Amino acid sequence: MRTYLDFEKPVAELEARIEELRALAASGEAVAIAEDVARLEAKSELALSELYENLTPWQKTQVARHPQRPHFSDYIAKLFDEFTPLAGDRKFGDDQAIIGGFARFAGQSVCVIGHEKGSTTEARITHNFGMARPEGYRKAVRLMELADRFEVPVVTLVDTAGAYPGIDAEERGQAEAIARSTDAGLALGVPNVSVIIGEGGSGGAIAIATANKVLMLEHSIYSVISPEGAASILWRDTTKAQEAATNMKITAQDLLKFGVVDEIIAEPAGGAHRHPDATISATGKAIQTALAGFNDLSREQVRSLRAEKFLAIGRNL
Amino acid sequence: MNWISNVGPKIRSFLGRREVPENLWIKCPETGQLVFHKDVEANQWVIPGSNYHMRMGASARMKSTFDNETWLDIAVPGVAADPLKFRDEKKYADRIRDARAKTGAQDAVKLGYGKLEGVPVVVAVQDFDFMGGSLGMAAGEAVIKGLETAVEKKSPFILFVASGGARMQEGILSLMQMPRTTVAVQRLRMAKKPYIVVLTNPTTGGVTASYAMLGDVQIAEPGALIGFAGPRVIEQTIREKLPAGFQRAEYLRDHGMVDIVVHRHEMRKTLARLCRLMTKVPAAEPPALVAPARA
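So the sequences go chain by chain: A and B.
Take the first sequence: its position 282, counted from the start at 1, is 282 in the numbering used here, and no numbers get skipped.
Take any residue in the second sequence, note its place counting from 1, add 1000, and you have its number in the numbering used here.
By construction, these hints were calculated from the structure, which means they are not laboratory data.
Please note that the accuracy of each hint is not assured.
[Said to hold, decoys possible] When the alpha-carbon atoms are kept at most 30 Å apart in a straight line, the in silico DSSO-like pairs for lysine-lysine are as follows:
{"no.": "1", "chain 1": "A", "residue 1": "K309", "chain 2": "B", "residue 2": "K1145"}
{"no.": "2", "chain 1": "B", "residue 1": "K1038", "chain 2": "B", "residue 2": "K1027"}
{"no.": "3", "chain 1": "A", "residue 1": "K285", "chain 2": "A", "residue 2": "K309"}
{"no.": "4", "chain 1": "B", "residue 1": "K1063", "chain 2": "B", "residue 2": "K1027"}
{"no.": "5", "chain 1": "A", "residue 1": "K257", "chain 2": "B", "residue 2": "K1091"}
{"no.": "6", "chain 1": "A", "residue 1": "K257", "chain 2": "B", "residue 2": "K1154"}
{"no.": "7", "chain 1": "B", "residue 1": "K1102", "chain 2": "B", "residue 2": "K1085"}
{"no.": "8", "chain 1": "B", "residue 1": "K1154", "chain 2": "B", "residue 2": "K1280"}
{"no.": "9", "chain 1": "B", "residue 1": "K1085", "chain 2": "A", "residue 2": "K257"}
{"no.": "10", "chain 1": "B", "residue 1": "K1241", "chain 2": "A", "residue 2": "K91"}
{"no.": "11", "chain 1": "A", "residue 1": "K309", "chain 2": "B", "residue 2": "K1085"}
{"no.": "12", "chain 1": "B", "residue 1": "K1091", "chain 2": "A", "residue 2": "K240"}
{"no.": "13", "chain 1": "A", "residue 1": "K257", "chain 2": "B", "residue 2": "K1063"}
{"no.": "14", "chain 1": "B", "residue 1": "K1154", "chain 2": "B", "residue 2": "K1102"}
{"no.": "15", "chain 1": "B", "residue 1": "K1269", "chain 2": "B", "residue 2": "K1027"}
{"no.": "16", "chain 1": "B", "residue 1": "K1115", "chain 2": "B", "residue 2": "K1153"}
[Said to hold, decoys possible] Covered stretches of chain A, as calculated for chain B (at least 3 residues, CB under 8 Å):
{"no.": "17", "stretch": "87-101"}
{"no.": "18", "stretch": "166-178"}
{"no.": "19", "stretch": "216-226"}
{"no.": "20", "stretch": "229-235"}
[As the list claims (entries may be wrong)] Some chain A residues flagged as far from chain B (calculated, every beta-carbon gap over 12 Å):
{"no.": "21", "residue": "R22"}
{"no.": "22", "residue": "Q62"}
{"no.": "23", "residue": "F83"}
{"no.": "24", "residue": "M248"}
{"no.": "25", "residue": "V260"}
{"no.": "26", "residue": "D277"}
All figures in this text were calculated on a predicted structure; none of them were measured in a lab.
All C-beta atoms in this analysis are idealised placements derived from N, C-alpha and C, irrespective of residue type, glycine included.
Make a model of the complete structure from these sequences and hints.
Now the structure itself:
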C-alpha cells in the first residue's frame, strides 16, 4: 500500500485508475487494456516528474519525512557488507536512535554511523523516531575514535527530526554530548563523508555531520529548526510552517548555493520512497567517489581541509 | 500614578541617553522584593538579600573582569548581512537594526583583551540583550576571533555566555556556527591554553550544544538556566511538570556537567586563580617569606 502525500493527489488518481484497469483484466473480463494502461502510465509518469521537479520547500519537507523513504537500515542492507553493529556508550547505556559499527563498503573497511527512524510502529518506538539521547551521541564519539585509531574512514547517514528533548536527556547532558560528537567528527584524521538522507534536524544532525564531504539527497532537508518549530517561535503561529520552510532555505539546492553541502545526489522522479534501490545505489556511488578524493592525503591534511572548509562557510556570501 | 513616573523622565534626561534605568526600582524575580536600581548596579547586578543574579550587560561584565576596568576592544570581523533575506512577522534586517539601536552593539558577542590579576586574557561576552544573545554568523565569527586571538597571544580564553541558542533568522548558516566555533576551540586546545566558560542565565540551544559546553573548565553562575532544549519545549514533549531546580546551575553541577557554581562576587578571583594555576603563573601574592634562621 503506497502512502500518497497531499500534493500527489493527481498522481494518486491516475495510479488508482491504472490499478482498476489491471484488476479488471485480471478478473478475466475481455477488455483490451494494454493501450489504456500505457497511456495512463505515461501520463502519470509525466505528472510525477513535473511535480518532483517543482517541489516547494514544504513539499520537500513532506518527502524527506515520508514513512516509506529509505532509512539507515535500508542503506546498510544494500550498500554495506559484514555490518557489525557495536552498541553502547560505555557510560550509561545504548541508544538505538543512532546505530553504528564497522562494515565493508566497496571492499574497504569503514565505520558507518547513522540515525534510524524505524519503519514499523514497533521499530519507531525502539529507535525513538531517530531522536537520539546523549548515549547515542556518546556512542557515535566512541565509534569515531575507534575508526580514527584503526585508520578506517567514517560514513554517516543523517536522518533525524532533532535530538530528543526530554528530562532524562537533559539530566545526562544532551548539550554536552552533541558538542563532543561535533568535536569528534572535526578531529578525525581519517576522512569522513556524511549524507543527509532525509531530515537534517538541527544540533541532532550536525553532531554527526561534521564531515570532509557533506552530501545531500535531492529532496532531503537540513535546517536549524523544524519549519513547525520556527513557525511557533518566530510567527507564534503553527500554521505558518510552510512559510517558515520557504524562508529558512532548507532545501538541498539552497544549501549547495550557501556552500553548506558539497554535492546533491539526484533522486529518481517521484522520490527515494518510490525508487529506493536506485536512490541507494546512487548514494553508494557518491560516497565512494567522495571517499576516493582523500586517498593520498595525510591525517593532518584531512583534518585541516575539513576545518578550513567549515571555517569558509558563509565568508563569501 | 505614583511619584516615580513623574520623577523618572527628569532623572532620565539628567543622566543622559544610555545606562538609564527604565525604572528606579528593580523587582527581584525570585522574591518580589523591590530594590533600588543603583544598589543592584553597585552590587554587580546581584540583588542584595536574595542573591538573585540579574543579567549583566557586556560592558559591565568586562569592567567587572579586567584589572582597573581596563581592556582593549578586539575588533569583530564583519559578516554578510541577512543572507537569507529573511522575514517572519518582521524583516530580519529591521530586527537587527532595532537591536543595534537598543544596545549600541553591532551584534551579540563583544571581545576584549586585558589583564586579570596581572595575567593577560582574552574575554568574550555573549550578551542576551542583543536578540537573546542568539548565535548567528556575527557571533560565530566573534567567538572564532576571540579564540584565535587567545592562540596568537598565548593567553587563556574566558567566555561569559548567555544565549537562547541559534539565530533562526539566519537558518542553516546559524547552525554552521556550531562546527565553525568548534574548529576554533580545537585550535586553542592544540595551543594548550585554557578555555574557561562561564555559563550565565540563560544559556540554551545550539550555543550550549557547541562551544559553550566545550570549556576545559565549566563555571556557572548561581541559579542560571542551562540546557539544550528549553523548559517549555520539554514540557510540551513529555506533557508533565518539570522537577524543581531542573536545568539550573546547581542541577548541572550535581549531574556532572559543570565544575563550579560561582557567585558573581567571587568570579574575578576564581577566574584569575584558575588562569594562574592552569598556565603555571606564580601566585598573585606570594606568601610572605619567612626569614631564614641564622645561626
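Hint numbers the structure violates, sorted upward?
Structure breaks hints 6, 13, 14, 17, 24, 25.
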